[in-house]
Amino acid sequence: MSVSKLSKEQFGQFVDAMLAAGRRVVGVVAKDDRFQFDELKSAAALRLDYDVTILPPKKYVLPQVEPLLQFEVGGGAQSVMNYDPLVLLGVHPYDLIAIRQMDELFSQGEYDRHYMDRRKQITIIACDVVRPSKNIFASSMETAVVSDGYDILITDIGDAYLLDVATEKGHALMTYAKGLAAAASADVEKRQAIQEANRTALNKHKLGCKVSYLPRLMEKAYNHPVWQEKARLCFSCGSCNQVCPTCYCFDVQDQVNWDLKTGERVRCWDGCLLENFATVAGNHNFRKDRSSRFRHRLFRKAKYVPEKIGGQIACVGCGRCITACVADIANPVTVYNRLMEERTLG
Amino acid sequence: MSKPRVAIFDFACCEGCQLQIVNLEEEILDLINVVDVVEWREAMSEQSHEFDIAIIEGSITRPEDEKRIEIIRSRCKIMIALGACATIGGVNKMKNKFDLEEVKHCVYGKDAHMPHLETGLTKAVHEVVDVDYKIHGCPIDRKEFASVIRALLLGKRPTVPDYPVCVECKAKENICRYEYNEICLGPIIRAGCGARCPSSSFRCFGCRGYVDNPNVEAAREVMDKYGLTVEDLRQKMVLFGCEQGPTV
Ligand code: SF4
Ligand code: SF4
Ligand code: SF4
Ligand code: SF4
Ligand code: SF4
Numbered sequence: 002m003s004v005s006k007l008s009k010e011q012f013g014q015f016v017d018a019m020l021a022a023g024r025r026v027v028g029v030v031a032k033d034d035r036f037q038f039d040e041l042k043s044a045a046a047l048r049l050d051y052d053v054t055i056l057p058p059k060k061y062v063l064p065q066v067e068p069l070l071q072f073e074v075g076g077g078a079q080s081v082m083n084y085d086p087l088v089l090l091g092v093h094p095y096d097l098i099a100i101r102q103m104d105e106l107f108s109q110g111e112y113d114r115h116y117m118d119r120r121k122q123i124t125i126i127a128c129d130v131v132r133p134s135k136n137i138f139a140s141s142m143e144t145a146v147v148s149d150g151y152d153i154l155i156t157d158i159g160d161a162y163l164l165d166v167a168t169e170k171g172h173a174l175m176t177y178a179k180g181l182a183a184a185a186s187a188d189v190e191k192r193q194a195i196q197e198a199n200r201t202a203l204n205k206h207k208l209g210c211k212v213s214y215l216p217r218l219m220e221k222a223y224n225h226p227v228w229q230e231k232a233r234l235c236f237s238c239g240s241c242n243q244v245c246p247t248c249y250c251f252d253v254q255d256q257v258n259w260d261l262k263t264g265e266r267v268r269c270w271d272g273c274l275l276e277n278f279a280t281v282a283g284n285h286n287f288r289k290d291r292s293s294r295f296r297h298r299l300f301r302k303a304k305y306v307p308e309k310i311g312g313q314i315a316c317v318g319c320g321r322c323i324t325a326c327v328a329d330i331a332n333p334v335t336v337y338n339r340l341m342e343e344r345t346l347g
Numbered sequence: 013m014s015k016p017r018v019a020i021f022d023f024a025c026c027e028g029c030q031l032q033i034v035n036l037e038e039e040i041l042d043l044i045n046v047v048d049v050v051e052w053r054e055a056m057s058e059q060s061h062e063f064d065i066a067i068i069e070g071s072i073t074r075p076e077d078e079k080r081i082e083i084i085r086s087r088c089k090i091m092i093a094l095g096a097c098a099t100i101g102g103v104n105k106m107k108n109k110f111d112l113e114e115v116k117h118c119v120y121g122k123d124a125h126m127p128h129l130e131t132g133l134t135k136a137v138h139e140v141v142d143v144d145y146k147i148h149g150c151p152i153d154r155k156e157f158a159s160v161i162r163a164l165l166l167g168k169r170p171t172v173p174d175y176p177v178c179v180e181c182k183a184k185e186n187i188c189r190y191e192y193n194e195i196c197l198g199p200i201i202r203a204g205c206g207a208r209c210p211s212s213s214f215r216c217f218g219c220r221g222y223v224d225n226p227n228v229e230a231a232r233e234v235m236d237k238y239g240l241t242v243e244d245l246r247q248k249m250v251l252f253g254c255e256q257g258p259t260v
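Quick mapping for you: the protein sequence lines, in order, are chains H and G.
Position 168 of the first sequence, counting from 1, maps to 169 under my numbering, and the rest follow consecutively.
Position 124 of the second sequence, counting from 1, maps to 136 under my numbering, and the rest follow consecutively.
To be clear, the hints were calculated from the coordinates, so they are not data collected in a lab.
Idealized CB from N, CA, C, for every residue including glycine.
Keep in mind that a hint or two might mislead.
According to the in silico footprint, chain H covers these stretches of chain G (three or more CB under 8 angstroms from chain H) [claimed, not checked]:
no., region
1, 30 to 38
2, 73 to 81
3, 99 to 113
4, 125 to 132
5, 136 to 143
Here are the simulated SDA-like cross-link-like pairs (lysine to any residue), alpha carbons at most 25 angstroms apart as the crow flies [unchecked claim]:
no., chain 1, residue 1, chain 2, residue 2
6, G, Lys184, G, Phe214
7, H, Lys205, G, Thr171
8, G, Lys89, H, Asp329
9, G, Lys248, H, Pro68
10, G, Lys168, H, Pro68
11, G, Lys15, G, Asn193
12, G, Lys184, H, Asp255
13, G, Lys168, H, Asn332
14, H, Lys304, H, Lys262
15, H, Lys262, G, Arg215
16, G, Lys184, H, Gln65
17, G, Lys155, H, Lys205
18, G, Lys168, H, Lys170
19, H, Lys135, G, Phe217
20, H, Lys262, G, Leu251
21, G, Lys184, H, Arg268
22, G, Lys248, G, Phe217
23, H, Lys32, G, Lys184
24, H, Lys179, H, Ile123
25, H, Lys60, H, Lys262
26, G, Lys168, H, Val257
27, G, Lys184, H, Cys250
28, H, Lys289, G, Lys15
29, H, Lys289, G, Asn193
30, H, Lys170, H, Arg268
31, H, Lys262, G, Asn45
32, H, Lys32, G, Gly206
33, G, Lys89, G, Val47
34, H, Lys135, G, Asp236
Computed beta-carbon distance windows for the label pairs [unchecked claim]:
no., chain 1, residue 1, chain 2, residue 2, range
35, G, Glu113, H, Glu40, 31 to 39 angstroms
36, H, Leu261, G, Asn35, 18 to 26 angstroms
37, G, Leu133, H, Asp329, 35 to 43 angstroms
38, H, Glu105, G, Leu240, 24 to 32 angstroms
39, G, Gly28, H, Gln71, 29 to 37 angstroms
40, H, Leu261, G, Ser86, 22 to 30 angstroms
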């Protein structure tokens with residue numbers, strides 16, 4: 002692995018060159034006084050100094066509404082599957098880890114071609130965090146830095162970006178970069194220092210145990226009073242699901258055209274906190290109480306999903322759910338710490 | 013198969029929801045292709061007239077309106093309440109907070125005693141007769157109207173969201189009003205409008221009515237966290253939240 006370097010100006014030119022060549026680039030831009038991933042028109046709008054985006058980049062990996070197939074009522078159907086290449090620029094390490102978890106989940110068992118075909122077209126340029134958001138706890142979740150999973154990783158070292166190009170897809174993009182130089186060892190040391198600092202500094206909420214202990218912690222937590230206590234104030238609004246980079250549940254719906262003969266099947270984001278998420282045929286809802294839905298989300302993050310992907314915890318500590326929850330009850334750390342303190346109550 | 017006969021009736025309202033149907037523009041032709049729209053006055057004058065779908069706009073505010081809606085109900089197979097006036101009583105329901113005689117004099121002055129101005133408590137349509145489907149909003153969302161009609165024509169149950177506005181608001185990546193310590197009714201109000209108001213940096217004021225199971229208790233309790241009071245919340249509920257179901 003070799004690390005190279007571009008001045009900030011050259012990096013901007015690199016981005017503009019991709020755009021000029023007609024590449025579709027999605028990057029982080031300002032939205033009022035917050036940030037979001039959006040279609041990039043020019044490098045000038047790019048804000049790699051962002052703290053966190055309102056929605057995670059999952060909206061480009063698993064869109065809110067995605068056509069699956071065109072159908073004829075009572076007749077045949079045709080899959081919709083043409084995905085164009087996309088460069089996803091500025092993904093923070095914790096969000097990258099979340100995408101990698103989804104890659105694993107959608108490719109195991111029943112291989113999801115819609116997800117995987119789209120995903121294969123995406124080149125990810127990750128970037129190290131320069132400004133911690135107000136609720137981040139990635140350090141606690143051991144997701145503050147990454148050493149793989151990206152196509153390119155960039156680090157802001159003040160006057161320049163260091164680039165770690167890791168894959169074929171990453172190298173292919175480098176043809177747009179002019180003035181690429183090898184990083185000096187002093188630069189690489191700066192980068193190391195930034196990453197080392199992030200490893201502990203992105204920690205506005207401190208998890209009271211090792212991440213790897215969480216699945217075991219949950220084993221005895223099912224009947225703990227904390228679920229009822231917290232969920233009393235839950236609006237079942239699903240905001241904590243929507244903003245979460247690791248929530249990937251979707252609902253499938255058919256939309257029929259005015260001819261009443263043809264239509265489109267789409268999948269759209271769903272959320273396990275919503276009242277009717279677990280309603281099945283016959284109107285039976287097997288998670289009717291707010292508290293059972295509230296509990297399900299945190300069990301999913303700390304136990305159910307880890308069981309499927311080799312123990313990785315499906316909370317990457319981005320802190321978005323904490324900010325998004327109007328009732329201020331969604332913070333996973335508060336709940337896990339409470340369970341730690343009262344391990345006998347479950 | 014003959015086309016289903018559809019009749020549209022208006023009661024106390026601003027007719028803004030009918031306007032939304034007109035605003036379907038080219039889609040209105042698609043609509044007319046698949047249904048037979050019966051002019052409402054004709055439909056009412058001919059006693060034996062029956063129709064498949066009756067679309068009711070407006071709320072019920074006078075005794076004679078109650079009779080009229082009962083007749084319509086007896087002649088239709090499916091009744092749809094169209095817009096906030098019809099589904100929850102709408103803005104008109106504010107009247108119920110005051111003494112009715114006072115309201116009448118305030119609005120009509122010296123003509124208040126005229127018999128045709130007789131007024132009663134404002135009711136949503138389902139408070140008088142059975143309603144099969146509700147298309148919420150002030151005004152309605154025309155895309156939603158179109159999809160409800162298509163579903164009915166296919167003999168399917170239309171799906172109307174039973175989750176809060178926050179779902180659509182988050183999907184649009186809006187900054188939550190509560191991040192600026194402003195009240196927004198989104199967490200207890202039914203989605204379907206595409207979070208129209210928060211998407212324009214304005215709070216949701218509740219025109220689509222409550223979700224099926226709103227956590228009003230929580231809405232009250234969280235006020236404290238934002239340096240607001242339950243009285244602040246009540247004021248925000250006045251426009252559309254008068255006397256409907258659970259209340260803050
Ligand atoms: S964001 Fe908060 S209130 Fe909304 S569903 Fe999640 S926990 Fe409940
Ligand atoms: S649970 Fe909350 S903090 Fe954890 S990844 Fe999801 S949104 Fe981020
Ligand atoms: S719901 Fe609103 S737009 Fe529709 S008729 Fe009533 S007042 Fe007018
Ligand atoms: S602005 Fe309103 S609708 Fe949007 S997320 Fe916040 S509370 Fe919900
Ligand atoms: S955001 Fe609220 S007030 Fe605005 S249209 Fe939607 S339901 Fe009505």
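(request) Could you tell me which of the numbered hints above are not met by this structure, giving the numbers in increasing order? (result) Of the numbered hints, 1, 2, 3, 4, 5, 7, 8, 9, 11, 13, 14, 15, 17, 18, 19, 20, 25, 28, 29, 30, 35, 38 do not hold.
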